[in-house]
Structures are given as structure tokens and as C-alpha cells.
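Novice: Sequence:
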Amino acid sequence: MSWFRFCFCLLSVTFLNLPASAEEFNRTKLPVAQPPFKGKIRLKASESVKDFPKEIQAPAGAPNVLLILTDDVGFGASSTFGGPIPTPTFDRLAQSGLRYNQFHTTALCSPTRAALITGRNHHTASTGGIMEIGVGYPGYNTLVRKSCGTIGQILKFNGYNTSWFGKNHNVPDWHTSQAGPFDLWPVGLGFEYFYGFVGGDTSQWTPALVENTRPVEPPANDPTYNFDEDMANRAINWIRMQQAVAPDKPFFCYYATGTAHAPHHAPKAWIKKFKGQFDQGWDEVRKQTLARQKKLGVVPPGTRLTERSKGIPAWDSLDDRQKEVYARMMEVYAAALSHADHQFGRLIDTIDELGELDNTLVIYIQGDNGASAEGSEQGLLNEMTFFNNIKEDFEEVYRRRDELGSPTTFNHYPIGWAHAMDSPFQWTKQVASHFGGTRNGMVMSWPARIKNKGAVCSQFHHVIDIMPTILEAAGLPAPDSINGITQEPIQGISMAYTWDDPSVPSKRETQYFEMLANRGIYDQGWVACTTPTTPPWVSVADPVDVIDGYKWELYNIADDFSESVDLAAKYPEKLKELQRLFYIEAVKNNVLPLDNSKAERLDVKNRPSLTRGRDTFAYYDEMLRIPEGSAPDLKNKSFGISAVVDIPESGAEGLLMTQGGRFCGLGLYVLDNKPVFHYNLCGVKRFSVASQEALKPGKHVITLDFNYDGGGVGKGGQATLSVDGNKVASSRIPQTVGYRMSLDETLDIGEDTGTPVSEDYKVPFKFTGDLEKVTIKITEQKLTEEQLRKYRETQVKAALSR
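With mature numbering (1 follows the signal peptide of the UniProt record, and there is no 0) applied, the sequence shown corresponds to residues -22 to -1, 1 to 780, in that order.
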């Protein structure tokens, strides 16, 4: 044997033919390391032994998981928990599984969703508020830490296929553009496929859709399109494909519809089903709901109905026209939720047809918080008025009542209905101190495992408990590290112990709550909580000291299910004990500092920005879907928009630049070959500045200057339209948008996505001339006429010199 062959054989024996250290995967460090090679390497393939590394597989018997989450649905809304809205899919799963009547969320969208997918409290997961109000404190910066890995990552790295459909609302506000980064998008959090929307809400008729990280447009002007139906179709196709190709591989499908968050949208045929069903009003609906809840056993027999929160009018105090339009708003809401539940049923039917329903753990959470009271006392045609503290005229709301639920409205029902949908509890969404904001109905069904079908479980649990429940069902450990990053302890407690004995005592003894400085603490049957100082239907809070300005309440929920009798005066020492416990939990979970401001935190200046430090922005044709968090901030300041165009001999029209859409925004466009600037103040008022002269063929610079008055938020200013530096029209805009242009629509160049900012045109209204460039320049100061003239001259010279 040659020396070379001897050395090689020695190396192969010593290093290349090592036995496997263990047959089992080490699932505590993800992704699982590739096992050592167990074949043989020799000089020739004929003398060697092949071996493929064993790929990670889910544990034997691990179930499929379908996690369903609705939006803004209170405890007392669904028929499954005694409510007036039929939810037959929810009912079906309750009959084959278990209902949980003491399950809790965080009182607001993004925080609940962050807690759900990480198994950690929302402040621990850096999501103490929604993405649009993130501020620079560890509990509130909206940047979920890598040490808080998600259920998507854990299941994907353990052999599951993973997907996320519907609402996200967990991407930081300044990460939502096509520039990323994408590590906090679903595809960066362990979800192999995402189809839905990134923001807080979206239209069912014209949703701001994303596939993985790429914006995609729904069919334009298609009266048959509906997002809930589209989303169900996509999820069904994904499940069918996964099962057809890899039937032995379990799937995890996180299905988070935007329904029933505003806008409340539903097909006309579904709205028609509910005509006249809410004419009795919200006070009577609350009484009827409690009676049904007692009959179903989802509340104890002695449960009392809490009083209306201060500021909610009695139904009998309304006039006939108010009753008419408010009943209509509730009909639309009921249709939206029932229609969404029907789509869930299509998913369940698909899984059943594939023969997988028995081994699928279905977790259906009815609402990410309590019902929303952001619709004001009289309801809304347009939710954006709430976020900008603009009041709608009831006469206009009444006139357009038949449009509710249609593409022309971004509607929301009145606060009285929100309170009724939270029966029997006090308060609503946003109010983390009370169960009206945090108590949500939940059902688990797993026919192969859960035998106590139809039972009601009354253990006290929280949304952070879902992740460890799924892990226990799948036979998976909580990982010590993910991608080399040591993981923080999962704070949730598995609920699987309830599957064998629905009456077993609760394993969760303590849970804190906090949102917008409304706070509460649960401990072994007692709840201490603050009294809200600003109701959730008020967008700008009065300044109140976050410590000394709040009164505390005390409830013994072991005897008082609905928190109807305040015991603070009777047991002051117990209250003090729980107050101390709250602040201990607050320190542990990054809850501090407390902040009760609301609309003020929507200002993009509170967060990092891709636009900060820049005053000039250049865009080109077909740059679309740039979200507000990554676009120039045109609120509360002066700005200029200049578009360099080339007009053909036949003339041109189309969109040059727009931000927002039908429900709030602004746009510069050419209509009938004449330039127009349109400012849409949340649909309440609209202002147009339009040239009377047509554009001549050839190259032009169309400029819109807005000179802001200053002196506060949402003030007015002068809008001046010019062509090639020559003023062609000017008009005063007395009031502007102060806080947010849109939650789902975007800045677009050369055509319009979503909805039109003006009813002068239909989307996409692509510009038919040549659009060379759009430049936006912003300034914090009001400009003189001479400064404006020089700015226009500079823009024209720069454009025409190219």
C-alpha cells in the first residue's frame, strides 16, 4: 500500500466514519444541526458507502394546527358565547371540542398578536402598543427581540410547513416598505408563506395585499371581489397543495382575518339577512345576550349585567333617525362577522375532506381584544376621522346609511354596540383594565385527543398560553436558542391540562394587563384595576397624571364573574397588595414608563424613519405602494410637489402622485388634460385646486405648493398650482389632516392603487403621457411669496435643463 493510500485510510477511519452520537434530534437548539455522516468515504465510489443526512421531522403523531383569530370581536358577540351573531363554524368546533370562558387578550391588536406568536407578554415582546404608536422604550419600540422566537420558527425548524394568512400588524411602522428590512415580516419569523395585509386594517373590497414581501393588487373595480373569500381560497389551496405533495408532514396555518375590525364590510346578500334584527337596540341586546349566556353555561347563573360605561347613551334616549341608522350599522357588523365565520367553515370542510380533521388541533380565538368603541357615539362613515379627531356630520351619515358596508365607506358602528358586544362586561377595546377590553371567547378542537366534547372550561388563561399549548400538542420542547440566540423563557402556560378534565383548577395564578396606562392585575381570583380617565372613543386624551390621576377598583371574580361590584372601599389592604404586585410585574415585563397619550403617538416623528433628515425626495413612474411610515410626512408643514411630464399631441390624463385614497389623502393628477390637486380631509371635506387651461403638447413642470399656516396640528394653508413656474390656480385649504393619512393606503407615482383620492377618476388611472420624475420637497416653516416663486423657478430650471 502506498503512503498516500495508507494516510487516507487512516484519516477516513479516524475522521470520516464517525458513528452518530445520537439518533434523536436535539430540538432545543434551532435550527437542528445536521447529523454527522454515517457512510464511508474511500478513494473510489465503488468502495464508499452513501449516506444522506437525516432531515428534521416533526415528532410522530404531531397534529396539524389551524389557528384562527378574528379582529375586534367582543365576548358577547358570537352565538357560541350567547351573542346575537350566528357563527355556525365556531359552534361546530365548540361541539367537537372545548369552550373557554376566561380567556384573555391584551386589549389591542398588535400587542395581542405579538404575545400570541411569541408566548411572551406583549411588553416583553416590545409591543406595548400598535405598530403605529411605537416609541423608544424597550417595551414599546415594536421591534420584537430575536430572543423572543415565534411559534412559526419553532414549528418550521421542527418539520412543519407554516403559513400566515390575513392580518399581520406586527411589522414596525418604518419597516413596512419594499425596502424592508424583512426579518420582522412573517417570512422572517418562520412563516414560509404569507398572504394578507401588513397594517392595522384594510378594505374588504380594495385590500392592500402582500404576498410574502411583494405588494400585489386585487382586481380593480370588480364588484364580485371580497378579501375574506379570496383569503379563504388561498388558504384552501395552500393546505391542499401541502397535503398533496407532503401528506406525512404536518402543517401550521395561522389564519387571521381582518374582520370584524373597521371597516365593517360584507356582501349585500349577507347584510340583508340581518335586516330588522337589531331594532330593539343595544340595551335590550345586552339583556338578551346575558340570558342566552346563562342558558349555555358560558357564564355562571348569578352573573350580573354591568352598567353602561359613562358616555354611552341609553337606546331609548335616541330619536327615530338615530335608531334607524345605528341599527343598520349593527346589521352590517353582524353580516361581516357571520360571513367571515362562513369562510372559516370552508377551511374546516377542506381539512375534513382531506381526512385530516381528526388530527388537526383547531384553536379559534374570537377577537384579538374586545369590541371596538372607536366608532364614536354616532358611528362613522369613515374610521380615519377618529384617528384625526375630526367629527362627522350626522346628517351626512344618515343620508348615506344605505352605503354602509360598501366600497364607498370605511364604516364603524357606535359605541353602544361595542358595549353590547362585550356583554356582560364593562368597557371595550383599548381598556386593558377591564374584561370588556380583554375577555374573548375561545374554542379548541382536536377530535383525536379532546374527549370532553362540548364542555366549558373556566380556567383563567391568556393569549401567551397558546404557544406552549401548541408545543405540548406537537411534543416539542421550548428551544434554548434559535439561530444561535439564547431565548427568553416562554411566559405562557400550556392549556393542554384542561383537555382531560375541564373542571381542573387553573394553573395560571397571576396575569398583569396594561394598555395606554389603563392597567390591571389578576391574582388567584382577585382583580385590581384602574378606572379609565379617557374613554376609548376619544382620540386625544386630556392630560392626567398616570399615577396620581387614576382611581383603582377591586373585584373578586371568583364570586363576581362580570366585575359588577367594586370592593375597593371594603378591602383596602387587598387593593394595596395587588397594586404592589402590578408594579412588580410591570418592572419584570418592561411595562414602564406608563403613557396615556393616544393620537399624539401616531406622529411618525416618534419612531426611526427612512425619511428623517431629508427634505427632498425623488420618485419615478410606477413606484407604488410606499407606506406612510416610509414616505415623506406631508402633515402639519409646508411642502411642494413637482412633476416633470411630457404631453403627447393628443393630450393626456392620469395620476402623477397620490398619498392615501378615498377615505383620506391628497393627489396631484391630470384630468381632461388639465392639472388638478385634490385634498381629501377624511371624506368630511374635499378641496380641489384645478387649472382652467389645458396643457399644451410637450414637456412641462407641474408644481403644487402648499404653504402651511402653522400654529398647531391640522391647521390650514394656501395651495397654489403652477405650470412651468406660472401660477394657474390657487385656493385656501382651511383644515388639514393632523395625525394619519391612512392605515392601509400608500404613496403612488404614475397610477393609483387601492381607492381613488378623488371621485373624479377610477383606479388605476395610469398617466397616459410620459412621467419623467416627481419631486417632493418639505419644509417646517411657512414660506413667503418670494420664496415660493424662487422654489418654482428652481424646479422648472432643474427639470428643463435635463
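It is possible that part of the hints are untrue.
[To be verified] Straight-line Cα separation of at most 30 Å, DSBU-like style, residue types lysine-lysine; simulated pairs:
id : residue 1 : residue 2
1  : Lys663    : Lys677
2  : Lys775    : Lys740
3  : Lys751    : Lys768
4  : Lys755    : Lys744
5  : Lys246    : Lys554
6  : Lys485    : Lys652
7  : Lys760    : Lys740
8  : Lys18     : Lys32
9  : Lys272    : Lys22
10 : Lys369    : Lys751
11 : Lys615    : Lys693
12 : Lys22     : Lys32
13 : Lys652    : Lys529
14 : Lys583    : Lys124
15 : Lys134    : Lys552
16 : Lys28     : Lys18
17 : Lys134    : Lys250
18 : Lys246    : Lys272
19 : Lys273    : Lys431
20 : Lys705    : Lys751
21 : Lys615    : Lys652
22 : Lys272    : Lys369
23 : Lys693    : Lys663
24 : Lys22     : Lys134
25 : Lys677    : Lys693
26 : Lys369    : Lys301
27 : Lys28     : Lys124
28 : Lys548    : Lys485
29 : Lys301    : Lys663
30 : Lys751    : Lys583
31 : Lys548    : Lys615
32 : Lys7      : Lys22
33 : Lys227    : Lys251
34 : Lys652    : Lys693
35 : Lys369    : Lys246
[To be verified] The calculated label-pair distances, taken between Cβ atoms and stated as ranges, are:
id : residue 1 : residue 2 : range
36 : Arg710    : Glu764    : 37 to 45 Å
37 : Lys548    : Thr589    : 48 to 56 Å
38 : Val482    : Ala426    : 19 to 27 Å
These aren't lab readings, by the way, just hints derived from the structure by calculation. For each residue, glycine too, the CB sits at the ideal point set by N, CA and C.
Novice: Each hint needs a verdict: does it hold in this structure or not?
Specialist: Hint check results:
1. Distance check on the hinted pair: Lys663 and Lys677 sit about 33 Å apart at the alpha-carbon level, beyond 30 Å; violated.
2. About 33 Å separates the Cα atoms of Lys775 and Lys740, which puts this hinted pair outside 30 Å; it is violated.
3. For the suggested pair Lys751 and Lys768, the alpha carbons sit about 20 Å apart, so the restraint of at most 30 Å is met.
4. Taken as a hint, the Lys755 and Lys744 pair is honoured in the structure, with Cα atoms around 23 Å apart against an allowance of 30 Å.
5. Under the criterion of a C-alpha separation no larger than 30 Å, the hint pairing Lys246 with Lys554 is inconsistent with the structure, at around 53 Å.
6. The straight-line distance between the Cα atoms of Lys485 and Lys652 is roughly 69 Å, outside the 30 Å bound, and the hint therefore fails.
7. A distance of roughly 34 Å separates the Cα atoms of Lys760 and Lys740; the hinted pair therefore is violated under the 30 Å criterion.
8. A threshold of 30 Å between alpha carbons decides the hint, and for Lys18 with Lys32 the separation of about 16 Å falls inside it, so the pair holds.
9. For the given pair, Lys272 sits about 78 Å from Lys22 by alpha-carbon distance, which is inconsistent with the 30 Å threshold.
10. Distance hint between Lys369 and Lys751 is unfulfilled; the C-alpha atoms sit about 37 Å from each other, more than 30 Å.
11. The straight-line distance between the Cα atoms of Lys615 and Lys693 is roughly 9 Å, inside the 30 Å bound, and the hint therefore holds.
12. Between the alpha carbons of Lys22 and Lys32 the distance comes to roughly 24 Å, so the proposed pair stays at or under 30 Å and holds.
13. Between Lys652 and Lys529, the direct Cα distance comes to roughly 60 Å. Violation of the 30 Å bound is thereby established for this hinted pair.
14. Between Lys583 and Lys124 the CA atoms are separated by roughly 25 Å; this keeps the pair inside 30 Å, and the hint holds.
15. Proposed proximity of Lys134 and Lys552 is contradicted: the alpha carbons are some 45 Å apart, above 30 Å.
16. Among the hinted pairs, Lys28 with Lys18 is consistent with the structure: their alpha-carbon atoms are about 7 Å apart, no more than 30 Å.
17. Between Lys134 and Lys250 the alpha-carbon distance is near 43 Å, which puts this suggested pair outside the 30 Å criterion.
18. Between Lys246 and Lys272, the direct Cα distance comes to roughly 33 Å. Violation of the 30 Å bound is thereby established for this hinted pair.
19. Of the supplied pair hints, the one linking Lys273 and Lys431 holds, its CA atoms being roughly 18 Å apart against a limit of 30 Å.
20. This hinted pair checks out: Lys705 and Lys751 have alpha carbons roughly 20 Å apart, not beyond 30 Å.
21. With a CA separation close to 26 Å, the supplied pair Lys615 and Lys652 stays within the 30 Å bound.
22. Taking the CA atoms of Lys272 and Lys369, the gap is about 39 Å. The hint is violated against a cut of 30 Å.
23. At most 30 Å may separate the alpha-carbon atoms for a hinted pair to count; Lys693 and Lys663 meet this at roughly 14 Å.
24. For the proposed pair Lys22 and Lys134, the alpha carbon gap of about 38 Å is over 30 Å, so the pair is violated.
25. Restraint check: the Cα-Cα separation between Lys677 and Lys693 comes to about 35 Å, which exceeds 30 Å; the hinted pair is violated.
26. Restraint check for Lys369 and Lys301: satisfied, since their Cα atoms lie roughly 19 Å apart, inside the 30 Å limit.
27. Of the supplied pair hints, the one linking Lys28 and Lys124 is violated, its CA atoms being roughly 38 Å apart against a limit of 30 Å.
28. With a C-alpha separation of about 28 Å, the suggested pair Lys548 and Lys485 falls inside the 30 Å cut-off, and the hint holds.
29. Between the alpha carbons of Lys301 and Lys663 the distance comes to roughly 26 Å, so the proposed pair stays at or under 30 Å and holds.
30. Taking the CA atoms of Lys751 and Lys583, the gap is near 27 Å; set against the 30 Å cutoff, the hint holds.
31. Distance restraint check for Lys548 and Lys615: the Cα-Cα separation of roughly 54 Å exceeds the 30 Å cut-off, and the hinted pair is therefore not satisfied.
32. Note on Lys7 and Lys22: the hinted pairing is violated, with a Cα-Cα distance of about 36 Å set against a maximum of 30 Å.
33. Simply put, Lys227 and Lys251 have alpha-carbon atoms about 41 Å apart, too far for the 30 Å limit, and the pair is violated.
34. Of the pairs offered as hints, the one joining Lys652 and Lys693 holds, with about 28 Å between alpha carbons and a cut-off of 30 Å not exceeded.
35. Distance check on the hinted pair: Lys369 and Lys246 sit about 27 Å apart at the alpha-carbon level, within 30 Å; holds.
36. With their beta carbons about 19 Å apart, Arg710 and Glu764 fall outside the hinted range of 37 to 45 Å.
37. Roughly 55 Å separates the CB atoms of Lys548 and Thr589, a value that falls within the hinted 48 to 56 Å.
38. Taking the beta carbon of each, Val482 and Ala426 are about 21 Å apart, inside 19 to 27 Å as hinted.
Of the numbered hints listed earlier, those contradicted by the structure are 1, 2, 5, 6, 7, 9, 10, 13, 15, 17, 18, 22, 24, 25, 27, 31, 32, 33 and 36.
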